[in-house]
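Listed below are the residues making up each chain.
Protein chains: 2
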Amino acid sequence: MITIYGDIDSGNCYKIYLLCHLLDIEFQWQAMDIAKGDLQTTEFLAKNPQGKVPLVELADGRFLTESNAILHYLAKGSKLVPADAYLNAKVYQWLFFEQYSHEPYIAVARFIKRFQGMPESRKAEFESKQGGGHKALKVMNDQLSQTAFLIGEQFSLADIALYAYTHVAEEGGFNLVDYPAIRRWIKQIQLMPNYVGMQLKN
Amino acid sequence: MITIYGDIDSGNCYKIYLLCHLLDIEFQWQAMDIAKGDLQTTEFLAKNPQGKVPLVELADGRFLTESNAILHYLAKGSKLVPADAYLNAKVYQWLFFEQYSHEPYIAVARFIKRFQGMPESRKAEFESKQGGGHKALKVMNDQLSQTAFLIGEQFSLADIALYAYTHVAEEGGFNLVDYPAIRRWIKQIQLMPNYVGMQLKN
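Here the protein sequences come in this chain order: U and D.
Reading the first sequence from the start, the letters are residues 3 to 204 in our numbering.
Reading the second sequence from the start, the letters are residues 3 to 204 in our numbering.
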């Protein structure tokens, strides 16, 4: 069985948690509290010198980092990763879009606002994240106005990766009212069998 | 045959160019000059509304964006993508690392210094990129001190993606003198059969 070291408040960790539920993958969750400094202990740094979660430990003790690489590893061969070469590449197009054009704006703004309580020292940075975040939301909304899911009519790994921070974008100050296609898509994902929200289940 | 819309001065475009040479993939190169505004023409925006390169047009007229998703598409099934599930995931770990922890520092600093000539208005931003860039180089150097290539003893897609901006990191103000393992690895890649540098061949 795999062990996931994660903080469920982090979208990057939650996306792994959601994937495991949707695909019925067995896992052990090792809760790490970022705010309490759990990532800076000698014990954790021995596992991941970069001091970041999510971190996955395989049954044989080897480790994987980078949330979307972990998604790729866990979803391989599943219905969430199309065999068709073009649709398959589209999944990865969205995964890289997420880490380059979405997460650095929306996740960082959310962290400053929700978890740091918007300190004066980061207010300018918070403001600077709004433009890029809305640009990313617009790209998603444009696509979701044309197709049910990000790569087309098929629900895929791309939706899981993008859903994680998008469904809590308002916590980063991004009002979703102008993105009706995103709101429709969020509801659709929340109705899926085995869906779990951003809280650990007992 | 695929058409690659790219600016060879961009590491994200060059990595596709290098991959095609190493794997002997036929392609047509459509040179786009970012500095001259080639990405903002109506004609190009019709192909990619985000106005970014690299953009790949497949033989059937469909498009792909995101440099590392394009690498994934083109290298599928080749010797550059290991079949072993763990090594395979490691490739993607490095690809996501590149776009999240390496490119936003090293490529942006290089752009400001080399292509914008370090305007006063971006000097603070340039300085702010140095810490993150060195952090990424240290992660690479630590790995390359232990193994020949990024995922181990096997040359892979990960090396191509990371090589693109690393071998010109000095143009972004990152002196590689303190990263001997990276310098050794750069030389090794440059000696590979079919290697091409960052200039278009006639």
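Mixed in with the good hints, there may be bad ones.
Unchecked claim - In silico lysine to any residue, SDA-like type, Cα no more than 25 angstroms apart, as pairs:
id: 1; chain 1: U; residue 1: K49; chain 2: D; residue 2: F151
id: 2; chain 1: U; residue 1: K140; chain 2: D; residue 2: K137
id: 3; chain 1: U; residue 1: K54; chain 2: D; residue 2: Y102
id: 4; chain 1: D; residue 1: K137; chain 2: U; residue 2: P51
id: 5; chain 1: D; residue 1: K81; chain 2: U; residue 2: K49
id: 6; chain 1: U; residue 1: K54; chain 2: D; residue 2: G133
id: 7; chain 1: D; residue 1: K49; chain 2: U; residue 2: L89
id: 8; chain 1: D; residue 1: K49; chain 2: U; residue 2: P51
id: 9; chain 1: U; residue 1: K49; chain 2: D; residue 2: A150
id: 10; chain 1: U; residue 1: K140; chain 2: D; residue 2: F151
id: 11; chain 1: D; residue 1: K81; chain 2: U; residue 2: N90
What the hints assert, rightly or not - Partial list, computed: chain D residues near chain U (C-beta under 10 angstroms):
id: 12; residue: A48
id: 13; residue: Q52
id: 14; residue: L76
id: 15; residue: K78
id: 16; residue: V141
id: 17; residue: D144
id: 18; residue: E155
No lab work stands behind these hints, which were simulated from the structure alone.
A quick note: this is a predicted structure, and the numbers were derived from the prediction, not measured.
Where a beta carbon is used, it is the ideal one built from N, C-alpha and C, also for glycine.
Against the structure, the hints come out as follows:
no.: 1; hint: U/K49 / D/F151; result: holds, 21 angstroms
no.: 2; hint: U/K140 / D/K137; result: violated, 32 angstroms
no.: 3; hint: U/K54 / D/Y102; result: holds, 13 angstroms
no.: 4; hint: D/K137 / U/P51; result: holds, 12 angstroms
no.: 5; hint: D/K81 / U/K49; result: violated, 29 angstroms
no.: 6; hint: U/K54 / D/G133; result: holds, 17 angstroms
no.: 7; hint: D/K49 / U/L89; result: holds, 18 angstroms
no.: 8; hint: D/K49 / U/P51; result: violated, 42 angstroms
no.: 9; hint: U/K49 / D/A150; result: holds, 22 angstroms
no.: 10; hint: U/K140 / D/F151; result: violated, 39 angstroms
no.: 11; hint: D/K81 / U/N90; result: holds, 19 angstroms
no.: 12; hint: A48; result: violated, 14 angstroms
no.: 13; hint: Q52; result: holds, 7 angstroms
no.: 14; hint: L76; result: holds, 9 angstroms
no.: 15; hint: K78; result: holds, 7 angstroms
no.: 16; hint: V141; result: holds, 7 angstroms
no.: 17; hint: D144; result: holds, 8 angstroms
no.: 18; hint: E155; result: violated, 16 angstroms
Violated hints, in rising order: 2, 5, 8, 10, 12, 18; the structure is consistent with all others.
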